[in-house]
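There are 2 protein chains.
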Amino acid sequence: MTERPPMKAINLDEKFALITEYFTPKIIAEHNGHYVKITKIKGEFVWHDHENEDELFIVLKGRLVIQFRDGDVVLNPGELFVIPRGKEHCPIAEEETHILYIEPAGTKHSGEVDAELTKHELEWI
Amino acid sequence: MTERPPMKAINLDEKFALITEYFTPKIIAEHNGHYVKITKIKGEFVWHDHENEDELFIVLKGRLVIQFRDGDVVLNPGELFVIPRGKEHCPIAEEETHILYIEPAGTKHSGEVDAELTKHELEWI
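From first to last, the protein sequence lines stand for chains A and B.
So the first sequence is numbered by our numbering: it starts at 1199 and just counts up by one.
So the second sequence is numbered by our numbering: it starts at 1199 and just counts up by one.
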């Protein structure tokens, strides 16, 4: 785990350039017990929810569809959405999509679902 | 106060287009007791701190200098920075600068400093 330098801006393009695998979130900052994470995705993740945590998603590149049981939310670059706690969802992206998201530090990216894509330990970059 | 529609992406360009005054933050989303706020600034704000709240800043347009007593942090578009709680700071921007920032819902944008630029009630847009 590498902490970010304390007194320097964090450049998102530089951080995304370090990511080589899809569905492998990295931590880039921490504030008030929340982690700021970035991830590249392509394809479909897994259906899951987070019982006690809202998740804020911001799309920076590509196109993200957040599938819900009662409909989809589509995010293009420069758009954000808060997934309410307890609401089952499944992200999917046809093309490579870059996402910044923020959630409480202990949140597991696939909730209580232990899937092939689940990462149990997230690294700082 | 207008709540955002619950199941639609929030477009940042559309929200920024609604802002007509500098140093007048608007709330666009809420997650885990934090507000997501956007603001346009030009010029210098006021020196202040937030005793118990870290503030996450993301610059989307322009150039933000966060002045600290021990040095400056410069943020260009696509860069972010967490201002640690208790650390006195003063944002300044020579050109019009668009900022998204996130902090606990009760945080006052000028801390305990009551300045001419202080806004006491923030609106949702």
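Among these hints, one or two may not hold up.
The list makes no distinction among identical chains, and a pair is therefore deemed to hold if it is satisfied within one copy or across any two copies.
To be verified - Here are the simulated DSSO-like cross-link-like pairs (lysine-lysine), alpha carbons at most 27 Å apart as the crow flies:
no., residue 1, residue 2
1, Lys1206, Lys1259
2, Lys1206, Lys1285
3, Lys1206, Lys1238
4, Lys1224, Lys1259
5, Lys1206, Lys1240
6, Lys1259, Lys1238
7, Lys1238, Lys1224
8, Lys1317, Lys1224
9, Lys1285, Lys1317
10, Lys1306, Lys1259
11, Lys1306, Lys1224
If you are wondering where the hints come from, they were derived from the structure by calculation, not from laboratory data.
Because the structure is a prediction, the values reported are computed rather than measured.
Hint numbers contradicted by this structure: none
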